[in-house]
Amino acid sequence: MAALPDSKVPAGRLQEKWDSYKNSIKLVNPANKRKHDIIVVGTGLAGGAAAASLAELGYRVKSFCIQDSPRRAHSIAAQGGINAAKNYPNDGDTVWRLFYDTIKGGDYRSREANVHRLAQISNSIIDQCVAQGVPFAREYGGMLDNRSFGGAQVSRTFYARGQTGQQLLLGAYQAMSRQIAAGNIEMFARREMLDLVNIDGRARGIITRNLVTGELERHIADAVLLCTGGYGNVYYLSTNAKNSNVTAAWRCHRRGAHFANPCYTQIHPTCIPVSGEYQSKLTLMSESLRNDGRVWVPKKPGDPRAPETIPEDERDYYLERRYPSFGNLVPRDVASRNAKYVCDEGRGVGETRLAVYLDFTDAIKRLGEQAIRERYGNLFEMYQRITGENPYKVPMRIYPAVHYTMGGLWVDYGLQSSVPGLFVLGEANFSDHGANRLGASALMQGLADGYFVIPYTLGDYIASSRLEAASTKHDAFDEAENAARTRIERLLSIQGGKTVTEFHRELGHIMWDHVGMSRTREGLTTAIGKISTLRDEFWQNVRVPGDNAMHNKNLEFAGRVADFLELGEVMALDALTREESAGGHFREEFQSAEGEAKRNDAEFSHVAAWEYSGDPSKPVLHREELDFENVKLTTRSYK
Amino acid sequence: MQIKLKVWRQKGPRDTGRFEEYVVPDANPHMSFLELLDVLNEQLIMEGKDPVEFDHDCREGICGSCGVVVDGVAHGPQQRTACCQLHMRHYKDGDSIVVEPWRASAFPIIRDLVVDRSAFDRIIGAGGYVSVSTGAAPDANAIPIPKVVVDEAFDYAACIGCGACVAACPNASASLFTAAKISHLALLPQGQAERAQRVVNMVDQMEAEGFGDCSNHAECEAVCPKGISIKGIATMRREYIKATLSQ
Ligand SMILES: Cc1cc2nc3c(=O)[nH]c(=O)nc-3n(C[C@H](O)[C@H](O)[C@H](O)COP(=O)(O)OP(=O)(O)OC[C@H]3O[C@@H](n4cnc5c(N)ncnc54)[C@H](O)[C@@H]3O)c2cc1C
Ligand code: FES
Chain A
1 MAALPDSKVP AGRLQEKWDS YKNSIKLVNP ANKRKHDIIV VGTGLAGGAA AASLAELGYR
61 VKSFCIQDSP RRAHSIAAQG GINAAKNYPN DGDTVWRLFY DTIKGGDYRS REANVHRLAQ
121 ISNSIIDQCV AQGVPFAREY GGMLDNRSFG GAQVSRTFYA RGQTGQQLLL GAYQAMSRQI
181 AAGNIEMFAR REMLDLVNID GRARGIITRN LVTGELERHI ADAVLLCTGG YGNVYYLSTN
241 AKNSNVTAAW RCHRRGAHFA NPCYTQIHPT CIPVSGEYQS KLTLMSESLR NDGRVWVPKK
301 PGDPRAPETI PEDERDYYLE RRYPSFGNLV PRDVASRNAK YVCDEGRGVG ETRLAVYLDF
361 TDAIKRLGEQ AIRERYGNLF EMYQRITGEN PYKVPMRIYP AVHYTMGGLW VDYGLQSSVP
421 GLFVLGEANF SDHGANRLGA SALMQGLADG YFVIPYTLGD YIASSRLEAA STKHDAFDEA
481 ENAARTRIER LLSIQGGKTV TEFHRELGHI MWDHVGMSRT REGLTTAIGK ISTLRDEFWQ
541 NVRVPGDNAM HNKNLEFAGR VADFLELGEV MALDALTREE SAGGHFREEF QSAEGEAKRN
601 DAEFSHVAAW EYSGDPSKPV LHREELDFEN VKLTTRSYK
Chain B
1 MQIKLKVWRQ KGPRDTGRFE EYVVPDANPH MSFLELLDVL NEQLIMEGKD PVEFDHDCRE
61 GICGSCGVVV DGVAHGPQQR TACCQLHMRH YKDGDSIVVE PWRASAFPII RDLVVDRSAF
121 DRIIGAGGYV SVSTGAAPDA NAIPIPKVVV DEAFDYAACI GCGACVAACP NASASLFTAA
181 KISHLALLPQ GQAERAQRVV NMVDQMEAEG FGDCSNHAEC EAVCPKGISI KGIATMRREY
241 IKATLSQ
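So the sequences go chain by chain: A and B. Mapping the first sequence onto this note's numbering, position 249 (from 1) lands on 249, and the numbers just tick up by one. Mapping the second sequence onto this note's numbering, position 135 (from 1) lands on 135, and the numbers just tick up by one.
Everything labelled a hint here was simulated from the structure, so no lab data went into it. As the structure is a prediction and not an experimental result, all values here were calculated from the model. Honestly, I wouldn't trust all of these hints.
Stated by the list, open to error - Within a straight-line C-alpha distance of at most 30 Å, the following computed DSS-like cross-link-like pairs (lysine-lysine) qualify:
| hint | chain 1 | residue 1 | chain 2 | residue 2 |
| --- | --- | --- | --- | --- |
| 1 | A | Lys498 | B | Lys242 |
| 2 | B | Lys147 | A | Lys86 |
| 3 | B | Lys6 | A | Lys498 |
| 4 | A | Lys393 | B | Lys92 |
| 5 | B | Lys11 | A | Lys498 |
| 6 | A | Lys498 | B | Lys147 |
| 7 | A | Lys618 | A | Lys530 |
| 8 | A | Lys632 | A | Lys17 |
| 9 | A | Lys598 | A | Lys22 |
| 10 | B | Lys147 | B | Lys92 |
| 11 | A | Lys35 | A | Lys8 |
| 12 | A | Lys632 | A | Lys598 |
| 13 | A | Lys340 | A | Lys530 |
| 14 | B | Lys49 | B | Lys6 |
| 15 | A | Lys86 | A | Lys17 |
| 16 | A | Lys8 | A | Lys498 |
| 17 | A | Lys530 | A | Lys104 |
| 18 | B | Lys242 | B | Lys147 |
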């Protein structure tokens, strides 16, 4: 059992840590950078920003993504915005406040030093993106506009209509494209990383599958950057893109990278509800809708009446009732959990009874339909396109959905995992959001990691490590490639009675029921048993069509579902072990008399980092204690 | 409801390809068009046949991965809607639907409905960016940009790079795609320094990739899921002439 490496947080005052880190690191001289190959897996905000920045510095970069173009990474779908402490509105924002809101929003389960660095860097991100030509929203005077988002009392969110992620990603993609054309980045699209290759205890390469031809390929480098996004698709249904997966991270986990806080998942309260068994993914509706929409369900369970015929006094505006001061604007986890409770009581609405109303009638009366159209027109249109209902006339039906995963591979202050030479950026790492992420902070973190953190921390690693010359003929490459090939052959040879999708959906049901919005000891124990049984069944009874030497989506998905079936169990185990409620992790046994989350700072103010032991059911737990020297731990209250 | 599908099947770029007919007996009006293909594929797998390969990812009309020709129209009958957002409620029991890949010589077929659109990446690589390395940017509010200007730039920047414009064009031209990026950056102060070089390089690359010329059919605008205006193509032409005259 390997101990958890040091978090390498620099000494000194919080405000000075990042500068003193930068002052003390070793630099790689410009001529030498050209001698170093760097592998960047993933081209989302984190990977795109990292690849472009490192190539600009002179490193030789190899980039990989699953989609046919780096521009299509899941980051493209982010809607709402990106935070920064610019304080352009002069409403009192500071780096400290952004730091504080993020630490508090994360329910005090993240590292102070990382979060403070994130807040410090936030302003440079906006500068960089504007210079790239990102068309952020502006006021009539030509200056940048800001909006407010959950968990903050200042307006610090920059946005580009409802397509902020798209515009930021295209900025990073364009910067990458410039480097690809200049020959500084070699781009490998339609590739899936299937394994990590370690030589002499350091990450030195990866095995990829060419998704068009099925060929297994070997790539060698001096460091590997994993920027492969989150694992929300373990729930089958989520707002993540269909190709989002845990495979790259999980394969690294099996090669020695510890997985931190896997149970921290974010469930977003305002998504379009599931309409049937065929449903393949869920669509988010921006939470800005809760500014004007009122959430309610009928008081009577199973009420069959149409919403407009239910009189006012037979409706329960349950958020306004339970949280008079925040009302419909309580944080994501609180809103989600309460929707689940009313549906569990049988008061859900719509065909499936798994939805609540988000009603704009009062806002339309107050402000007029035109004003509502101006604010939310594109969202209303999207809702109507998907559901076929007109939300100006009928209340929207919404339900929570899995949206983001705060957990991920453990990294130190320099974003290095427990495998030397393997760095993890963006949603794939666990670093900055603790037990709950605030809106508009994931885009900020991905870009901070890629544009402004990794260029320093990677340089320090390269300059201070003596890397032996190695080649793709090394035994470690043989072993990893053979393992990947054997696994593919095994998946194709089973030819059982159930499709990959059926297994994935079943896993999703277990995860949603027992490792979802509200968790219990009993439910988690049940989940652990069920997942391991399902995993055994998968390896006996899955049916994967076609063969390896072709474009074969089902084969790709089979490998990913196999990894989700291991991750799911560790998530349940992590949730079971964390005997407290914190942020997105709510344990029914640990709540206050009023039903609010109860943290246990004395025993659980730590990061839980799981080490792979060779048996997916028996990982080894390491703890990184979290020291709070600058903020006082308080209980969140939204009453 | 029952839906009959006639789907283009092709094993690889050199295979000749052919249509195959299938029936999905229990399609649901709420499902999306791609979910209909999912259901068909589950059926095919259990029958021991190869499922239909198609590209998809976000399924919310923003990543640009999906794209098939539905009954002769790129992305199908709904305006401003990528086929992942097309819902079956627009069809009725017993309908037949013909599904084909994007067809253009610059987009070789990989398998079934999956095509190679990497030419688009090379067009962007030829100049669809602002050369500003990380760290070199001035304060974000240093250069004010009028709201109307940035809004118009956004309208062009909204392109998702799906390739429907090429598929719909009788000449298989990539003009709308290329023009969208040129117009986006030409409108913004940040794009000025490289403005002339950009349009020349991108247009040359578009031609080198084997896309056809634009002869003003406007089919591209009609099928664009983001409603990108063909006014951009006029801008591109103007920019090109200005740039080449001043060279
Ligand atoms: C609908 C939605 C809306 C959101 N809105 C916001 C918002 O408004 N503000 C905000 O801050 N955050 C938002 N988020 C969260 C945010 O978008 C993501 O957390 C963030 O974009 C993740 O970026 P990333 O670079 O880490 O990974 P991703 O963008 O997920 O990129 C992952 C990359 O890795 C590649 N990859 C993955 N696995 C492999 C493999 N095995 N081999 C090779 N390549 C691989 C993929 O191809 C892709 O290129 C939203 C999320 C969703 C789902
Ligand atoms: S799947 Fe992303 S646009 Fe259709």
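Against the structure, the hints:
no., hint, in the structure
1, A:Lys498 / B:Lys242, "62 Å, violated"
2, B:Lys147 / A:Lys86, "20 Å, holds"
3, B:Lys6 / A:Lys498, "26 Å, holds"
4, A:Lys393 / B:Lys92, "25 Å, holds"
5, B:Lys11 / A:Lys498, "25 Å, holds"
6, A:Lys498 / B:Lys147, "55 Å, violated"
7, A:Lys618 / A:Lys530, "15 Å, holds"
8, A:Lys632 / A:Lys17, "19 Å, holds"
9, A:Lys598 / A:Lys22, "38 Å, violated"
10, B:Lys147 / B:Lys92, "44 Å, violated"
11, A:Lys35 / A:Lys8, "27 Å, holds"
12, A:Lys632 / A:Lys598, "16 Å, holds"
13, A:Lys340 / A:Lys530, "22 Å, holds"
14, B:Lys49 / B:Lys6, "16 Å, holds"
15, A:Lys86 / A:Lys17, "20 Å, holds"
16, A:Lys8 / A:Lys498, "47 Å, violated"
17, A:Lys530 / A:Lys104, "35 Å, violated"
18, B:Lys242 / B:Lys147, "26 Å, holds"
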